[in-house]
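Student: Now for the letters of each chain:
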Amino acid sequence: MYLPDKAGRRRATAVFLLPSLVGIIGFCILPIMGSLFFSLMDYDLLRPMESMTFVGLKNFARVLTGREFRGVLAHTFTYLGLYLPLIMAASVGEALILNKSFRGHGLFRTVCYTPVITSWVAAAVVWQWVLSGKYGLLNQLLAAVGIQGPAWLSSATWAMPGIVLASVWKDTGYYALMVLAALKSIDPGYYEAADLDGASGARKFFSITLPLISPTLFLLIVINIIYGLQVFDSVLIMTDGGPGGATTVFLERIYKYAFVQYKMGMASVYACILFVVLLVFTAVQFWMQKRWVNYDA
Amino acid sequence: MRRSSRMRLVRGTLFYLMLAVILLVTILPFLWMLSSSFKGQEAIRTIPIRWIPERPTLEGYERVFNMQGFSFARASLNSLLLAVGCTVAEVASSAMAAFVFAKLPFKGSGKLFGVYLATMMIPNTVTMVPNYIILRSLGLLDTYTGLILPFLGKAFSVFLMRQSMLGVNDAYLESAFLDGASLYRVFWKIMLPMVTPTLATLTLISFMGSWNSYLWPLIVLTSTDKQTLQVVMGNMKGMYKNNEHVLMAGAVLTILPILAVYLATQRYVDQGISLGGLK
Numbered sequence: 003m004y005l006p007d008k009a010g011r012r013r014a015t016a017v018f019l020l021p022s023l024v025g026i027i028g029f030c031i032l033p034i035m036g037s038l039f040f041s042l043m044d045y046d047l048l049r050p051m052e053s054m055t056f057v058g059l060k061n062f063a064r065v066l067t068g069r070e071f072r073g074v075l076a077h078t079f080t081y082l083g084l085y086l087p088l089i090m091a092a093s094v095g096e097a098l099i100l101n102k103s104f105r106g107h108g109l110f111r112t113v114c115y116t117p118v119i120t121s122w123v124a125a126a127v128v129w130q131w132v133l134s135g136k137y138g139l140l141n142q143l144l145a146a147v148g149i150q151g152p153a154w155l156s157s158a159t160w161a162m163p164g165i166v167l168a169s170v171w172k173d174t175g176y177y178a179l180m181v182l183a184a185l186k187s188i189d190p191g192y193y194e195a196a197d198l199d200g201a202s203g204a205r206k207f208f209s210i211t212l213p214l215i216s217p218t219l220f221l222l223i224v225i226n227i228i229y230g231l232q233v234f235d236s237v238l239i240m241t242d243g244g245p246g247g248a249t250t251v252f253l254e255r256i257y258k259y260a261f262v263q264y265k266m267g268m269a270s271v272y273a274c275i276l277f278v279v280l281l282v283f284t285a286v287q288f289w290m291q292k293r294w295v296n297y298d299a
Numbered sequence: 257m258r259r260s261s262r263m264r265l266v267r268g269t270l271f272y273l274m275l276a277v278i279l280l281v282t283i284l285p286f287l288w289m290l291s292s293s294f295k296g297q298e299a300i301r302t303i304p305i306r307w308i309p310e311r312p313t314l315e316g317y318e319r320v321f322n323m324q325g326f327s328f329a330r331a332s333l334n335s336l337l338l339a340v341g342c343t344v345a346e347v348a349s350s351a352m353a354a355f356v357f358a359k360l361p362f363k364g365s366g367k368l369f370g371v372y373l374a375t376m377m378i379p380n381t382v383t384m385v386p387n388y389i390i391l392r393s394l395g396l397l398d399t400y401t402g403l404i405l406p407f408l409g410k411a412f413s414v415f416l417m418r419q420s421m422l423g424v425n426d427a428y429l430e431s432a433f434l435d436g437a438s439l440y441r442v443f444w445k446i447m448l449p450m451v452t453p454t455l456a457t458l459t460l461i462s463f464m465g466s467w468n469s470y471l472w473p474l475i476v477l478t479s480t481d482k483q484t485l486q487v488v489m490g491n492m493k494g495m496y497k498n499n500e501h502v503l504m505a506g507a508v509l510t511i512l513p514i515l516a517v518y519l520a521t522q523r524y525v526d527q528g529i530s531l532g533g534l535k
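Protein sequences, first through last, are from chains E and G. For the first sequence, this note's numbering gives the first residue as 3, with consecutive numbering after it. For the second sequence, this note's numbering gives the first residue as 257, with consecutive numbering after it.
Just chain E, same shape as in the assembly (with noise of 0.2 Å):
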């Protein structure tokens, strides 16, 4: 690009890139490796800073020999378990929906949506007396149908699946639309043939739509993975890693340790840990989008 004077330009191009980058060093760069370098010390965040000492990988051993951390390995699966095949069922059904016209789309589409744009906050504390035990609506559309249902949070084994629930309400009208943008790309023509062919609708989605949005479903796994493992706002209102720590997850226990226990150190081993298996998912995602997300639109 053309342009007048080159003193000008250079002093410019400091002042524009400024402000970012003093927020992607300072608050993104130099705290990740801070995460590194406090989860090798002993650290409380009551003491004066001085009192810190090294402790080399005391920490590291002590979160992965310990029961605690088999714990929220478990619960993080077991929420993963559950949640993606109930969250991808959901979304592609309602995309299949989203895709046909019919009289109220629009409609339809803003009330699909408005869970996602509620704050997890309010859409947990509005869960929370949905699964409460006896007054609870779940439980009470339940008991209509002759099932007695569970105190859904108060319950060790039921907690989860509770919380479950809750997010699978919350994200489907997000990763719907994701799926729908998948299935209005698919060219017609491949309907038109099999139409011409006989094909039943049954054979048509399975044949069709299911290989050809296959490569999105995938992307949505791999983004569902990574944000499951970052639970957190639901669990914090709904169960508070509760009953008796049955639903202690990653965010849960940094948050825990950081700021209620005040050991930097432990809470600096879960986020390292987080992290990292954070990093594989983000790589196969960066790597999925690459190939198959066009951004150009």
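Watch out, some of these pointers could steer you wrong.
Pair by pair, the computed Cβ-Cβ distance ranges are [unchecked claim]: (1) G:L394 / E:F220: 41 to 49 Å; (2) G:S261 / E:F207: 16 to 24 Å; (3) E:A145 / G:L396: 46 to 54 Å; (4) G:N499 / E:A158: 47 to 55 Å; (5) G:I305 / E:R105: 28 to 36 Å; (6) G:V266 / E:E70: 52 to 60 Å; (7) G:R311 / E:F79: 41 to 49 Å; (8) G:S260 / E:V282: 49 to 57 Å; (9) E:R72 / G:V266: 46 to 54 Å; (10) G:I308 / E:F208: 38 to 46 Å; (11) G:V424 / E:E52: 47 to 55 Å; (12) G:L396 / E:Q291: 29 to 37 Å; (13) E:Y192 / G:L396: 52 to 60 Å; (14) G:I446 / E:F220: 58 to 66 Å.
Honestly, the hints are just simulated from the structure, not real lab data. By construction, the Cβ of each residue, glycine as well, lies at the ideal position given by its N, Cα and C atoms.
Guided by the hints, dock chain G onto chain E, whose structure is given.
Tutor: Below, chain G alone, put in the same frame as chain E:
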């Protein structure tokens, strides 16, 4: 022919059945919240459910506004201020940086942009603890400045803005230079107006994200009079055990403003979703 028309009927019925189920599941928790918020302490515990309160009351809402130690109105105002602050910081800083990466390349700018892209792999949740310690050593804990600062560096926003700016033809900018405009003026008067759709989308995603955020304000802000709506709502949960009508009134009041923003700007928000934002 008769068989195929019956098939169509079955499929149509199935379609509307599925539609109804999804609609009901989505909307029932909201109706439940709304209905409970207009009930009194005893009326919320009835079997079977009464969707229309027998004696509607605003008691829940009154108690939300007359909370001990917290001001709901104040918290709403704080949330609004902070959401605007975070949004302005993020959008302005990202647009400025994107302008450099898109139109003012220098030696090493490609590499620097690569570093930006790499930072997209670092989630906020992992940098939270060190960021807290950084703010503390700067004496910025419990301040809005401290809460807003990290929003200056958002690589994904820079990436989105750069994509959009790359599509603007250099000739527009060059002709402005020839007329004697400065780089700042070209950025403000020519570049920004040409990328308004992306700017609008980014502004909305950022605004809604900040309005709804919970964890970061929860740890940075400690004074009760500075806290945001989401944090106060979270605190209410502990204060109003067994007073679900008060909690539901609070939830209604927390959701309504952002719902209004969404309804007014749906077009841009939907665009944002397709770009992978807002989550």
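Student: Please go over all the hints and tell whether each is borne out by the structure.
Tutor: Against the structure, the hints come out as follows:
1. G:L394 / E:F220: 41 to 49 Å: holds (43 Å)
2. G:S261 / E:F207: 16 to 24 Å: For F207 of chain E against S261 of chain G, whose Cβ atoms are near 21 Å apart, the range 16 to 24 Å holds.
3. E:A145 / G:L396: 46 to 54 Å: Holds: the Cβ-Cβ distance is about 52 Å, inside 46 to 54 Å.
4. G:N499 / E:A158: 47 to 55 Å: violated (26 Å)
5. G:I305 / E:R105: 28 to 36 Å: holds (29 Å)
6. G:V266 / E:E70: 52 to 60 Å: holds (53 Å)
7. G:R311 / E:F79: 41 to 49 Å: Since R311 of chain G and F79 of chain E have Cβ atoms about 48 Å apart, the given range 41 to 49 Å holds.
8. G:S260 / E:V282: 49 to 57 Å: 50 Å Cβ-Cβ, so the 49 to 57 Å window holds.
9. E:R72 / G:V266: 46 to 54 Å: holds (50 Å)
10. G:I308 / E:F208: 38 to 46 Å: holds (45 Å)
11. G:V424 / E:E52: 47 to 55 Å: Given range 47 to 55 Å: holds, Cβ gap about 53 Å.
12. G:L396 / E:Q291: 29 to 37 Å: holds (35 Å)
13. E:Y192 / G:L396: 52 to 60 Å: Holds: the Cβ-Cβ distance is about 57 Å, inside 52 to 60 Å.
14. G:I446 / E:F220: 58 to 66 Å: Because 41 Å falls outside the window, the suggested range is violated.
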